[in-house]
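Number of protein chains: 8
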Amino acid sequence: MTDAGASKPNAPIVSVLMGSDSDLPKMKDCLDTLAEFGIAFEVDVISAHRTPGRAHDFATAAEQRGIRVIIAAAGGAAHLAGVLASLTTLPVIGVPISSSALHGLDALYATVQMPPGVPVATVGVDASKNAAILAAQILATADSNLHDRLKAYKARMADAVAEKSQKLKRNLGLQ
Amino acid sequence: MTDAGASKPNAPIVSVLMGSDSDLPKMKDCLDTLAEFGIAFEVDVISAHRTPGRAHDFATAAEQRGIRVIIAAAGGAAHLAGVLASLTTLPVIGVPISSSALHGLDALYATVQMPPGVPVATVGVDASKNAAILAAQILATADSNLHDRLKAYKARMADAVAEKSQKLKRNLGLQ
Amino acid sequence: MTDAGASKPNAPIVSVLMGSDSDLPKMKDCLDTLAEFGIAFEVDVISAHRTPGRAHDFATAAEQRGIRVIIAAAGGAAHLAGVLASLTTLPVIGVPISSSALHGLDALYATVQMPPGVPVATVGVDASKNAAILAAQILATADSNLHDRLKAYKARMADAVAEKSQKLKRNLGLQ
Amino acid sequence: MTDAGASKPNAPIVSVLMGSDSDLPKMKDCLDTLAEFGIAFEVDVISAHRTPGRAHDFATAAEQRGIRVIIAAAGGAAHLAGVLASLTTLPVIGVPISSSALHGLDALYATVQMPPGVPVATVGVDASKNAAILAAQILATADSNLHDRLKAYKARMADAVAEKSQKLKRNLGLQ
Amino acid sequence: MTDAGASKPNAPIVSVLMGSDSDLPKMKDCLDTLAEFGIAFEVDVISAHRTPGRAHDFATAAEQRGIRVIIAAAGGAAHLAGVLASLTTLPVIGVPISSSALHGLDALYATVQMPPGVPVATVGVDASKNAAILAAQILATADSNLHDRLKAYKARMADAVAEKSQKLKRNLGLQ
Amino acid sequence: MTDAGASKPNAPIVSVLMGSDSDLPKMKDCLDTLAEFGIAFEVDVISAHRTPGRAHDFATAAEQRGIRVIIAAAGGAAHLAGVLASLTTLPVIGVPISSSALHGLDALYATVQMPPGVPVATVGVDASKNAAILAAQILATADSNLHDRLKAYKARMADAVAEKSQKLKRNLGLQ
Amino acid sequence: MTDAGASKPNAPIVSVLMGSDSDLPKMKDCLDTLAEFGIAFEVDVISAHRTPGRAHDFATAAEQRGIRVIIAAAGGAAHLAGVLASLTTLPVIGVPISSSALHGLDALYATVQMPPGVPVATVGVDASKNAAILAAQILATADSNLHDRLKAYKARMADAVAEKSQKLKRNLGLQ
Amino acid sequence: MTDAGASKPNAPIVSVLMGSDSDLPKMKDCLDTLAEFGIAFEVDVISAHRTPGRAHDFATAAEQRGIRVIIAAAGGAAHLAGVLASLTTLPVIGVPISSSALHGLDALYATVQMPPGVPVATVGVDASKNAAILAAQILATADSNLHDRLKAYKARMADAVAEKSQKLKRNLGLQ
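Chains as they are written, first to last, in the working numbering: chain A, 2 to 176; chain V, 2 to 176; chain W, 2 to 176; chain U, 2 to 176; chain P, 2 to 176; chain C, 2 to 176; chain D, 2 to 176; chain F, 2 to 176.
Here chain A stands alone, though its shape is the one from the complex (with noise of 0.2 Å):
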């Protein structure tokens, strides 16, 4: 078993696409996420609805360029994720993106509620990091090298909060 993100590092094994450049601000915690896990992957902005045909190409030729997980994110009616999702069998990881004046309700919904056959695994509304972690821990179940460096970031955020722990108690004077 190979270190799936380090071996090729040129040749991106994760796709972060966006529905709208204007999603970038919310996906930027996942860029540095993934690059933090030392996972190479590739940034578009492919909307299903005014670009169909773009996202059409993308979904069937993702598995032929060496892509293995795909990340989606896109605010309103968001179909960016379900429509990648119904032609590939990669495993689709969909953000919804706060982005209406329904405050990313109707992108949750229209997200994670896909039809028996069709899975979108979604993440919380903006939750653009996790989408990140989730890749990582999918590509870790045959790469145990990046296993291995998400249980460290695993120990790294307890401690972290175990610090802020720490900090807010000497800040209240109750240590």
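Each hint should be verified, as a subset may be incorrect.
[As the list claims (entries may be wrong)] Dumping the calculated EDC-like pairs for lysine to aspartate or glutamate here, alpha-carbon to alpha-carbon at most 20 Å:
{"id": "1", "chain 1": "D", "residue 1": "Lys165", "chain 2": "P", "residue 2": "Asp58"}
{"id": "2", "chain 1": "V", "residue 1": "Lys170", "chain 2": "V", "residue 2": "Asp160"}
{"id": "3", "chain 1": "W", "residue 1": "Lys29", "chain 2": "W", "residue 2": "Asp45"}
{"id": "4", "chain 1": "D", "residue 1": "Lys152", "chain 2": "D", "residue 2": "Asp33"}
{"id": "5", "chain 1": "F", "residue 1": "Lys155", "chain 2": "F", "residue 2": "Asp30"}
{"id": "6", "chain 1": "D", "residue 1": "Lys170", "chain 2": "P", "residue 2": "Asp33"}
{"id": "7", "chain 1": "D", "residue 1": "Lys170", "chain 2": "P", "residue 2": "Asp30"}
{"id": "8", "chain 1": "C", "residue 1": "Lys170", "chain 2": "F", "residue 2": "Asp22"}
{"id": "9", "chain 1": "U", "residue 1": "Lys27", "chain 2": "U", "residue 2": "Asp45"}
{"id": "10", "chain 1": "A", "residue 1": "Lys170", "chain 2": "D", "residue 2": "Glu43"}
{"id": "11", "chain 1": "W", "residue 1": "Lys152", "chain 2": "V", "residue 2": "Glu64"}
{"id": "12", "chain 1": "D", "residue 1": "Lys170", "chain 2": "P", "residue 2": "Glu43"}
{"id": "13", "chain 1": "U", "residue 1": "Lys170", "chain 2": "U", "residue 2": "Asp160"}
{"id": "14", "chain 1": "P", "residue 1": "Lys165", "chain 2": "W", "residue 2": "Asp22"}
{"id": "15", "chain 1": "V", "residue 1": "Lys152", "chain 2": "V", "residue 2": "Asp33"}
{"id": "16", "chain 1": "F", "residue 1": "Lys170", "chain 2": "V", "residue 2": "Asp160"}
{"id": "17", "chain 1": "U", "residue 1": "Lys165", "chain 2": "C", "residue 2": "Asp45"}
{"id": "18", "chain 1": "C", "residue 1": "Lys152", "chain 2": "C", "residue 2": "Asp33"}
{"id": "19", "chain 1": "F", "residue 1": "Lys155", "chain 2": "F", "residue 2": "Glu37"}
{"id": "20", "chain 1": "C", "residue 1": "Lys168", "chain 2": "F", "residue 2": "Glu37"}
{"id": "21", "chain 1": "P", "residue 1": "Lys168", "chain 2": "W", "residue 2": "Asp45"}
{"id": "22", "chain 1": "W", "residue 1": "Lys152", "chain 2": "W", "residue 2": "Asp33"}
{"id": "23", "chain 1": "F", "residue 1": "Lys155", "chain 2": "V", "residue 2": "Asp22"}
{"id": "24", "chain 1": "A", "residue 1": "Lys152", "chain 2": "A", "residue 2": "Glu164"}
{"id": "25", "chain 1": "D", "residue 1": "Lys168", "chain 2": "P", "residue 2": "Glu43"}
{"id": "26", "chain 1": "P", "residue 1": "Lys165", "chain 2": "W", "residue 2": "Asp45"}
{"id": "27", "chain 1": "A", "residue 1": "Lys170", "chain 2": "D", "residue 2": "Asp22"}
Calculated directly from the structure, the hints in this document are not laboratory data.
Since the structure of chain A is already known, use the hints to place chains V, W, U, P, C, D and F on it.
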């Protein structure tokens, strides 16, 4: 100006699509109403997620085949209407179906909250009859015969309510 | 078949109505888009609740004046589109406006959940641009010139997304 | 000051309107309660959307005919109460009916979220009995006899709960 | 029949209560509108939960003091209107205030969903002006003078919208 | 420290109140669980809205009578728990009941969203068993015997799930 | 019976936990109110999801360390209160925090809708002051001194509202 | 690369956990679909709240036992998936179950709205079949045999819809 529905009785000008054959009972009113208006229509089951290829082929060919209005019904993360709207400039009427645990709210949001540039003309949850009437109204903008039938329909509808009013008063002994 | 929008430049064929003049900023996109398509339109402030008489007069005379599609925007218990739809057989497009504490959910429900027989073609909350495009699509069912402009618009929209895709990749140093 | 309900037994002072005759079972409590208070009422089926003309005629004539309070029940995009309120200065009581897939939320929002200037006195979803009592309370502001009956009703209601309390304790063997 | 508002200028006939003094800015429209109609009113801060004794004393004495309509505004689990309605047979108008994280939905449900026997005449979220107009409409059922002022108000309101219509058309260069 | 529940078997220390006797079936689990813990309780039907006087008398006297925890169940605009909490400093546990068209959302919001100063300890919609356990937990803060029974209950609960786990595996032939 | 809060000033009897240190500003009222009641408390940041080990260790040791009530605040899929409640029989008070795009609805549901057997005493969204008062009420069931302080607090609260009432009337020139 | 599911038929690589045995009927589709894909799985009933110890033991040992994907189904304040995700770096798929009065909205929010760092791959309410397919997609990123079966499954699914399309047209006499 010709009567679109009457002049080519066998060539459908409205397409009624459902995401699942289980939506048929809820779409029956739509078919009956189109028939009542003498509008030639076709019916098909096309899933945006399970048969994306057929959805694509349908949408790109519909106009050439003479279709002038598309009605698309789907439940859950209801993408059918949106997928079709992304592939054609024909008016697409969306009918959100209440088939999931969220009783149609998911389908309503996924149908109506389309991004700028790709509208879906959404009617109420399960409101398949209204989809038919809206299709008729759209066609009637260029079909004076159908326009007259719509006016007559509206008058009959008012009469039917008036009759119910009389009947209710009689039954309650108020008249 | 003639180009409806171009042939009579001064005679409006689309009416854009708002329940309140405070809705104008949200409806600006609608007016700009109609203009972009070369569709002659008129604008008015008519309140279903505060000027019911004018709403009635407008709806019953619209058709005679040559109006072929009505766009109605309102917030809260948004009845404007429904009231107009009850009085005409012209297609009525409803734009729910997010002006209340319930951020548009009330307007969405009040616009889309019409009773059998009286449809309103509802677009997303505050989605005034889509109302214009839907009006264009409806008119284009009998206007090949407008139809071509819609196809061109769709192509430009796809190109714009593709451009943003290139720009985003350059900015992220991914290309 | 005279007893409005008793003095002219045949001239209705309260109008109970429904958007559809299918709302009658849910409005039965309203009619029974008005009768219990001795308030002369009339009942009719008028649809804001299917019979806008009759709604208009009713609202503009109601006051002249001696109607002093209007009760309007409707489901879905429930516009009936709002349409009537736009045409009269009589108090209009709205009863949202849970007849759609959205189980009355749509009717509640469409009834209560009226724009500044045109109130509808909204009661709970399907709460037709409360509409009758509210009508009685409004009339009782100028009818001491009815006022006394309301006080007696309130006392009986308290007694009924107290009785149920006794019965429940007996049944549970707690007394 | 006497003009209730004008005949005893100093004796309030409408009580405007708020659950918290922080609701005052949202209730300003209510007070201004009552003043505009020449209705004598009083204002107080009474919390159903923090001053239950004062709520009780107020409600049981209101009628004797000549109050004929109560307006109660509260946010969150808005019980003020309901508590007062449980203690008096006067009409109680409830104004749900959007002061919590749930932006008024909690207040709306807590105000409108009263049990059978104890209605609250609910207006829209933060719709304090409508509470005043509804109070005027209720009082006007027995006050022809006030009734005339309501009719004049309705006419002015329609004129104001018509003026805005003219202004908007001029600004857009459409007239 | 004494065992509150066991030492005075006849003097109730928990009051279980319902807004309506129709809530009894949903509150059965609460009564059974209190009995299972050997906690002396009383049951009553008191409506915040229909019997405000009895609610007041109950709340102000409860403490003197030895009541230490109050459980209040109500549906719709569920004010019972809040009204009691406004009148006593005893802990009040609220059980929102799903009796209305809004299936308990109204009751949940009306119970939990109390203003600063007057908390209601809210459990889930219809979660009457949890109200009993919470009451037991509160009493157990000063009752070591009851505390032991709670620990035993928690252990039995875990065992019951473990048993179901075994049974399910056997039934599926997975063990 | 001893005054729990006063007798061991340095040994905390209430634990206030937050899922994230970013919740501190919203929990400030809770800490201040506990201090106002003279209740010894401790504060910590423990994440159910990021530091599950610490959550487990805390919950299983809390009782032995003398903690008698736990207050747990968290946003999003707020599991902190539930996780603690699953590991202890101490009363756990949950404070849903409005930190996500769903403005606290997610936290409210995730906190209050606990399964049978494991209650969380839920207060309103962001209602941290009420969590402190509820903790005081629970402790006061066995602490007459604290009980008196709660009564005094309730009286002061009523006085404060009465004062605001006077001030508001003066400011409006109504007194 | 080996076919994970086929090579060790008896060693489960997917764990399907339910919060309650009453969730089994809704999870049947999941088990059947895993079997259809030839994926070895285990089933268990583990409650995050009633058996936290077993949840902890399961999550910390799962990876060592060869489990590569966890599927967790729960209703109400559905914490099971989140608790497991907090204790392992394996991908955890969450299935919100519609078992409460809030018909799955509570479970959806409690499952999907996880904090940064701890994702749960959420599928639709009651969408247990999609959980199985998503598990297969995840495993297939490193199992070409399973990957082929997924492609075949997708093709069969499209064929099934096409067949239904033919059958529906025949039944409607449209072909």
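- Distance restraint between F:Lys155 and F:Asp30, which requires alpha-carbon spacing of 20 Å or less: Holds, because 17 Å separates the two Cα atoms, which is no more than 20 Å.
- Pair hint outcome, C:Lys152 versus C:Asp33 [Cα-Cα no greater than 20 Å]: holds (18 Å)
- Query: Can the restraint linking U:Lys170 and U:Asp160 be considered satisfied, given a maximum Cα separation of 20 Å?
  - Reply: Satisfied, since the Cα-Cα distance of roughly 15 Å is no more than 20 Å.
- Message: For W:Lys29 and W:Asp45, compute the direct alpha-carbon distance and say whether it is at most 20 Å.
- Response: The given pair, whose Cα atoms are some 13 Å apart, holds under the 20 Å limit.
- Message: Hint check: F:Lys155 vs F:Glu37, CA-CA at most 20 Å. Holds or violated?
- Response: Since the Cα atoms of F:Lys155 and F:Glu37 sit roughly 13 Å apart, the hinted pair holds (cutoff 20 Å).
- Would the pair D:Lys170 and P:Asp30 pass a check requiring their Cα atoms to be no farther apart than 20 Å? holds (16 Å)
- Holds or violated: A:Lys152 with A:Glu164, Cα cutoff 20 Å? holds (18 Å)
- Task: Sort out whether D:Asp33 lies within 20 Å of D:Lys152, counting only the CA atoms.
- Result: Distance ~18 Å between D:Lys152 and D:Asp33 Cα, so the pair holds.
- Regarding the pair W:Lys152 and W:Asp33, is the alpha-carbon distance no greater than 20 Å? holds (18 Å)
- Message: D:Lys170 and P:Glu43 were given as a pair; does the straight-line alpha-carbon distance stay at or below 20 Å?
- Response: Cα-Cα ~9 Å, so holds.
- Keeping to a limit of 20 Å between CA atoms, is the pair of U:Lys27 and U:Asp45 held or broken? Since the Cα atoms of U:Lys27 and U:Asp45 sit roughly 14 Å apart, the hinted pair holds (cutoff 20 Å).
- Given the hint that C:Lys170 pairs with F:Asp22, does the C-alpha gap stay at or below 20 Å? holds (10 Å)
Comparing the model with each numbered hint stated earlier shows that hints 16, 20 do not hold.
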